[in-house]
Amino acid sequence: DAGVIQSPRHEVTEMGQEVTLRCKPISGHNSLFWYRQTMMRGLELLIYFNNNVPIDDSGMPEDRFSAKMPNASFSTLKIQPSEPRDSAVYFCASRDRANTGELFFGEGSRLTVL
Amino acid sequence: SQQGEEDPQALSIQEGENATMNCSYKTSINNLQWYRQNSGRGLVHLILIRSNEREKHSGRLRVTLDTSKKSSSLLITASRAADTASYFCATAPPFYTGANSKLTFGKGITLSVRP
Chain A
39 DAGVIQSPRH
49 EVTEMGQEVT
59 LRCKPISGHN
69 SLFWYRQTMM
79 RGLELLIYFN
89 NNVPIDDSGM
99 PEDRFSAKMP
109 NASFSTLKIQ
119 PSEPRDSAVY
129 FCASRDRANT
139 GELFFGEGSR
149 LTVL
Chain B
24 SQQGEEDPQA
34 LSIQEGENAT
44 MNCSYKTSIN
54 NLQWYRQNSG
64 RGLVHLILIR
74 SNEREKHSGR
84 LRVTLDTSKK
94 SSSLLITASR
104 AADTASYFCA
114 TAPPFYTGAN
124 SKLTFGKGIT
134 LSVRP
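Sequence order for the protein chains is A and B. In terms of our numbering, the first sequence is residues 39 to 152. In terms of our numbering, the second sequence is residues 24 to 138.
Looking at chain B on its own, in the form it has when it is part of the complex (with noise of 0.2 Å):
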């Protein structure tokens, strides 16, 4: 079954505007990864977050996570049409090492950004 259960399952927003997606988990995670994919492409890794951090940003992204409510949220700030894309976000188990490396996606959100 999936780990990650991403909210919404779509999400329609004009150029300008924010976007904020969400994942929750059911078990413990040593981090969570955000991944964007575009149509056609492959997945493509934006940011990942340890359990022991609450909050990280890296450009225009901002993701939140509270391992209480074993939920994350990613936030696109200043939307551009280029963002139109899927993301996943993923977990991995606590103990994450070479020999136990499953990553376990969640289904995903489509966003898309009107210009």
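Isolated chain A, as found in the complex (with noise of 0.2 Å):
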């Protein structure tokens, strides 16, 4: 199986552009999470989708954020307009349905806003 998969890995913009960040989750999870890394706030959640629905988006910042998971197999993050504050590695994992609670993570996407 090849995990989880982010893309790009890394991206460099500058404040104002729009930056969409790519996942695709392991084949047969039903469960995708985006998580968000920085040294001072250590990792939140921003939103997750259980079988493609939405179920909790209290984590993502503002307006600024949003996610959609058109398909089982596909979702995306998009910051708009990005600001500096918003660099960050950002993970996506996913989860099973049959499992008891582990996720599996992507690589990430590593963000910088200048």
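A few of these clues could be false.
What the hints assert, rightly or not - PhoX-like mimics (lysine-lysine), calculated; alpha carbons at most 25 Å apart, straight line: (1) 125(B) with 116(A); (2) 92(B) with 49(B); (3) 79(B) with 49(B); (4) 49(B) with 62(A); (5) 79(B) with 125(B); (6) 106(A) with 116(A); (7) 106(A) with 125(B); (8) 130(B) with 79(B); (9) 93(B) with 49(B).
Derived from the structure by calculation, the hints contain no laboratory data.
Assembly of the complex is requested from the two constituent chains, each provided in isolation within its own frame, with the hints serving as guidance.
Structure below.
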């Protein structure tokens, strides 16, 4: 199995630009999570989906952030417009319905907003 | 706010020694999990212990859970340089299902194992 695939691995952009991060979960997994990791705040859950439906987006910082999951094999996290304080590593993780709780993480997308 | 709080924040030991890391949490849990993160990589699941379990082993890993004290410990025996990484505890809420699947992570412990 290829594992959770995220793209891009690195992105450098300027303030005000739109950023789109992509995630392909493990085939057959029915839950998908977006986390953000910074030195200051650690790992924060932004949003998670179950069976492609957003369940809890209370961690999304503000309206500049949006996430979609149009089908079971693809999700996007969009930031528009981006700001320097959005600089972080964004992780996608997926979970199997039959599993008791283990999350499988992608390698992350490191975002730098100048 | 973070549910899990790891202790210590950083740990440096010699290869061959044992490493003990602690995690405390505030509210009831369904299970507690430990993850490892190598520099620049994603998190990798190590072990899960349920709220009705007290101890679990996996290879060189030993995890304990004390629900009365709301704490867990991760012991890595006979450490190796390759164990150098950050270690995170994560807690799952009492009714952990597909629709209630939040895992809350601590800020992590940085373990350095000197060759």
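(Q) Check the hint pairing residue 106(A) with residue 125(B) against an upper bound of 25 Å on the C-alpha distance. (A) Between residue 106(A) and residue 125(B) the Cα gap is close to 18 Å, so the pair holds against 25 Å.
Q | residue 93(B) paired with residue 49(B) [C-alpha distance capped at 25 Å] | A | Measuring from Cα to Cα gives roughly 7 Å; hence the hint holds.
Q. Given the hint that residue 49(B) pairs with residue 62(A), does the C-alpha gap stay at or below 25 Å?
A. Answer violated: residue 49(B) to residue 62(A) is near 33 Å, above 25 Å.
Q | Straight-line alpha-carbon gap residue 92(B) to residue 49(B), limit 25 Å | A | Satisfied, since the Cα-Cα distance of roughly 9 Å is no more than 25 Å.
**Q.** Hint consistency between residue 79(B) and residue 125(B) [alpha-carbon to alpha-carbon, up to 25 Å]
**A.** Distance of about 23 Å is within 25 Å: holds.
Q. Residue 130(B) and residue 79(B): Cα distance at most 25 Å?
A. Cα-Cα ~23 Å, so holds.
Q: Mind checking the alpha carbons of residue 125(B) and residue 116(A) for me, to see if they're no more than 25 Å apart?
A: 21 Å, holds
**Q.** Restraint status (C-alpha distance of residue 106(A) to residue 116(A) at most 25 Å)
**A.** It holds: about 9 Å lies between the C-alpha atoms, which stays within 25 Å.
Q) Keeping to a limit of 25 Å between CA atoms, is the pair of residue 79(B) and residue 49(B) held or broken? A) 21 Å, holds
Of the numbered hints given earlier, the model fails hint 4 alone.
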